[in-house]
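> Based on the sequences and whatever the hints tell you, model everything.
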Amino acid sequence: MLGREKLGGKMFNRKMFNRNVTRRIARHGLAIAVTVLLGGLLSATLVRLAPGFDTDEAQLDPHLNSASVQALRQARLEQHNIFRFYLHSLQRAVHGDLGTSISLGQPVSVLLRQRAPLTMRLVGIGLLLSWAVAMALALSAAWLRASAYDTLTTVISGTFLCIPAAVLALLSVLWNAPGALAIGLIVFPQVYRYARNLLAKAYALPHIITARAKGLSRLRILFWHVIPVAGPQLLAVAGVSVSLAVGAAIPVEALCGLAGVGQLAWQAALARDLPLLTNLTILVTLVTLLANSGADVIGHMLRGQES
Amino acid sequence: MSLGVFRLHDGIRSMNFWRTLACVVLLLAVSLSLAANWLAPAGYAKQYRDATDAAPSRQHWLGTDEIGRDRFARVLYGTRISLLLAPAAALLSTLMAALVGGLAGYLGGAWARAAMAVTDLCLSLPWLFLLITVRAVLPLNVTPLVSVLVTFLMLGLLGWTSAARVLCSTAGSLRDSDFVRQARASGIRSARLFWIHVLPNLKPVLYAQFWISIPAFILSEANLGILGLGVAEPMPSWGSLLKELEGLVSVGEEPWKFVPLVLLVVVVTSFQLVLSRQDEAAA
Chain A
164 MLGREKLGGK MFNRKMFNRN VTRRIARHGL AIAVTVLLGG LLSATLVRLA PGFDTDEAQL
224 DPHLNSASVQ ALRQARLEQH NIFRFYLHSL QRAVHGDLGT SISLGQPVSV LLRQRAPLTM
284 RLVGIGLLLS WAVAMALALS AAWLRASAYD TLTTVISGTF LCIPAAVLAL LSVLWNAPGA
344 LAIGLIVFPQ VYRYARNLLA KAYALPHIIT ARAKGLSRLR ILFWHVIPVA GPQLLAVAGV
404 SVSLAVGAAI PVEALCGLAG VGQLAWQAAL ARDLPLLTNL TILVTLVTLL ANSGADVIGH
464 MLRGQES
Chain B
6 MSLGVFRLHD GIRSMNFWRT LACVVLLLAV SLSLAANWLA PAGYAKQYRD ATDAAPSRQH
66 WLGTDEIGRD RFARVLYGTR ISLLLAPAAA LLSTLMAALV GGLAGYLGGA WARAAMAVTD
126 LCLSLPWLFL LITVRAVLPL NVTPLVSVLV TFLMLGLLGW TSAARVLCST AGSLRDSDFV
186 RQARASGIRS ARLFWIHVLP NLKPVLYAQF WISIPAFILS EANLGILGLG VAEPMPSWGS
246 LLKELEGLVS VGEEPWKFVP LVLLVVVVTS FQLVLSRQDE AAA
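Protein chains in written order, with the numbering used here: chain A, 164 to 470; chain B, 6 to 288.
To be clear, the hints were calculated from the coordinates, so they are not data collected in a lab.
Note that beta-carbon positions come from the ideal geometry of N, C-alpha and C, so glycine has one too.
One should not assume that every hint holds.
Far from chain A, by Cβ distances over 10 angstroms, these chain B residues were calculated [said to hold, decoys possible]: (1) Leu-37; (2) Val-185; (3) Lys-208.
Rough simulated footprint, nothing fancy, chain B against chain A, three-plus residues with beta-carbon under 8 angstroms [to be verified]: (4) 406 to 413; (5) 438 to 444.
Written out as structure tokens, the structure is:
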């Protein structure tokens, strides 16, 4: 009887948990959709209000007759209303048309297809490197619990935190180091700082102090008690680190001469190519939002399983 | 127990030592940059055409750049621009954060939700992408002075979001505190309550956010400057001075070109050391 009640309770908890996860995913999905729509409106407004929007080089083509020029002017006039212009852009985006780059004269979707793989590889390897270094330092500092070593690791990460990302990119060019290493070095101090603080907080928890007092080995405390506590929060840091790495791709690709999305954004900024730049920004925002939401949902699931 | 107290004392003493040292370094950097007119009377734009790309000498302590401008003068004037305008931008962003975050947290409900939705939208944009997008919208071909103001104004106007989030939650907890409830029950008007009772209690958070923003803005300006989207020539800033590193072939070849980088790292580190642990916790 008691067993059946227990089983019923467990099933009820499981149902509640599943419902919570679904609700959380739906909330994140809604937030992403609203952010992208609002971001799109903001971008369309920027493009629409940018100087030179009303002028079209095609109107100066001597081969066009007056009716064609008039038709071009009429088409521009129809885009004067920001909301109508936004709706047009949105409709085109739904069909995969993200507009045409002013400076490069190519469709934005084609440019993205060409450049995204390199950026994804750079950011991916950079993130792996940054997490490997940050976790190695944070875990060793937490495991050794020696203040001299803790100070040393903090000084190392603090020094990298005080160097501009673009300088690290320049130094990587100078030393012929791969761009992914530069991204790793830009992101690692931030990850280390969060990871170290989370591990330090976990070590101060009463049940871990009790475990230490009972004489459990350091390794057992670290892997059985500390990491499960800090894990879900570390996942949230993983989401944030994606945003940091994507941001770091701009100086690294621009200064290392790597033809990725970061370099494209930099070129677009220099050429004031707003359609390209705003599309890139929205796509990057979408990627970072997905990473953050994914980290949050997985963290929630882990916490739920633990409880 | 006594050993613990001694350790605590030692810790506080060593922390105070580093904070004092950081304050001294910052004071020294500000004083030197303010004395630039006396230390380098020729100015940052004067060209010595017979000594282009020269090594350090008695006339040019840090050598000259590729068009013959004295690097020492440019470092002093660049330090002045970065050290005066980054705190100004930090002040602007902190005030905006206080206004948006503080007020939203104090009012609560739909106001807080709306303000935090806007904040989340801004926070989800990677910082450098946001900066270069907004910088590209603003005119790039402006006078050097306007470019300086545009760069730091942009940093100030865009950098308030994370601070607003912290202030919103702090103001939200103050709204539910006993003394605010009592003040409200006594019939004090909302505006007066916010101005007299809530805002002064947000001071530690505002102070910490202000100090945290300064190094972040210095680093952002440096990144923009190196990418050619910051302060325009011939005006020097740490970003434009670091752009010189682009032409280096090896580190040991012209080590004096690293002086601006060393100065930037020392100053940014000092700003981070000035914040005490309590201030960091408040932020």
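> Confirm or reject each hint.
Hints and how they fare:
1. For B:Leu-37, the non-interface assignment is confirmed: its Cβ lies about 19 angstroms from the closest Cβ of chain A, beyond the 10 angstroms cut-off.
2. The Cβ of B:Val-185 sits about 30 angstroms from the closest Cβ of chain A, beyond the 10 angstroms cut-off, so the non-interface label holds.
3. Against the 10 angstroms criterion, B:Lys-208 stays outside the reach of chain A, whose nearest CB is about 24 angstroms from its own CB.
4. Under the rule that three or more residues need a Cβ within less than 8 angstroms of chain B, the assignment of the stretch 406 to 413 of chain A holds, with 6 such residues.
5. Counting residues of the stretch 438 to 444 of chain A whose beta carbon lies closer than 8 angstroms to any beta carbon of chain B gives 4, which meets the minimum of three for the stated coverage.
Of the numbered hints stated above, none is contradicted by the structure.
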